[in-house]
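Chains S and Y are the protein sequences, given in the same order.
Be aware that the first sequence starts at 1, since it is given in the UniProt record's numbering, and climbs by one per residue.
Be aware that the second sequence starts at 1, since it is given in the UniProt record's numbering, and climbs by one per residue.
A few of these clues could be false.
Identical copies look the same in the list; a pair holds intra-copy or inter-copy alike.
Straight line, CA to CA, 25 Å or less: simulated PhoX-like cross-link-like pairs of lysine-lysine [what the hints assert, rightly or not]:
hint: 1; residue 1: Lys121; residue 2: Lys150
hint: 2; residue 1: Lys121; residue 2: Lys33
hint: 3; residue 1: Lys105; residue 2: Lys150
hint: 4; residue 1: Lys105; residue 2: Lys121
hint: 5; residue 1: Lys105; residue 2: Lys33
Hints are computed from structural coordinates only; laboratory data are not their basis.
Number of protein chains: 2
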Amino acid sequence: MATLYHFPFCANSRFIRLVLAEMGMEPVLAEEKPWERRDEFLMLNPAGQTPVLLEQGGLVVPGAGIIAEYLDETRGLGLTGRRMMPEATADRVEVRRLLEWFLVKFDAEVTGYLVTEKISKRFMSSRDGGGAPDMNAIRAARINVGYHLKYIGYLMARRRWIAGDHLTYADLAAAAHLSCVDYLGDVPWDDDETARDWYARVKSRPSFRSLLADRVPGMPPAPHYADLDF
Amino acid sequence: MATLYHFPFCANSRFIRLVLAEMGMEPVLAEEKPWERRDEFLMLNPAGQTPVLLEQGGLVVPGAGIIAEYLDETRGLGLTGRRMMPEATADRVEVRRLLEWFLVKFDAEVTGYLVTEKISKRFMSSRDGGGAPDMNAIRAARINVGYHLKYIGYLMARRRWIAGDHLTYADLAAAAHLSCVDYLGDVPWDDDETARDWYARVKSRPSFRSLLADRVPGMPPAPHYADLDF
């Protein structure tokens, strides 16, 4: 059985949890607090970031984008009709463009700020950078999330799913990131109904259940977080 | 003929210039200053970043990592013996791990700071964020580059090329980033001879020539920049 090193509110880890669940894989989940920089974890992934997939045979696959490519190459062909990386060249470019959009750009502009300031800092020692949240970072993230929500709405006004006709990695990456922001109550859903409808569809998938059960100790989610009909 | 939208000192653009040259492709080079946020460029790539490859048939491929995957999938098989993405699963994971290391992590910790502060800001209007360089950012980047150089030395003490037995995308990405830092004279080459020897080998390849001819107007490179025997 594979092991996934993850942090429950690391959005890129959540993306891989969704991918594995959609593939019917049930890995051992090992919680990792990346800011602790554990030696054993740094040996697995010198970059020090979650998620990391450790295959039963010992192969280490670090990083959400790399794990997604790896899982598609090793398991994708068995998913007839449910493969999350398309076959046509132009479609692959579009899925990868949006995958990077959410795993890197949305993370840098929204999720990274909010999760670090509002969640991780509660558990970090002051030596690791813990302490009071930086309100400027939170304000910037709240402005940025509005632009991203509009972009999702723009795409969804033209497509069945974010990258085209089928559910792909791009939908799961976008929804994984939004789920972290939604836990914190920071998604302005009323600003874009099209984006909200898309999120409700992804959120209703069985693969999403374990994410909706995650809780930050001492910090309940926004009231609608686990509500499928929000 | 394909067109590459690039900025000469965008390290991720340099990586794709190297890849195209290694593949024997000669694209039209269109210089783009990403901070100007030209409407026509944002239509090609809403993320607003270089590089972007525009194929003759009209397909737009944005982002260095995505262009690399695309070129391997469309041209890689024709490169018998010189393919820069290996076939074996574990080797592909390692190339992608190191590709992301340089295109994202090294960029965020070193090249992004140095190129923005020392080069781009000279050409930006004050509205776009131009002005005097932020010395704290430059100092941080100079400390970080030392750690990265040691990591390259560590890898090269165990391997023929950065990701294994063959030249791969990982070598070109690492060398592209170091070439920008080297122009500015900020690589502490004396700290790691193993890393320096590897760089000298990559730098001697014909694909590197056009990078070594780039100049920032009014800002000559470090004296050894174009010297193959530095």
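Consistency of the hints with the structure:
no., hint, in the structure
1, Lys121 with Lys150, "neither (29 Å within a copy, 30 Å between copies)"
2, Lys121 with Lys33, "within (11 Å within a copy, 37 Å between copies)"
3, Lys105 with Lys150, "within (15 Å within a copy, 28 Å between copies)"
4, Lys105 with Lys121, "both (21 Å within a copy, 22 Å between copies)"
5, Lys105 with Lys33, "both (22 Å within a copy, 19 Å between copies)"
Checked against the numbered hints above, the structure violates only hint 1.
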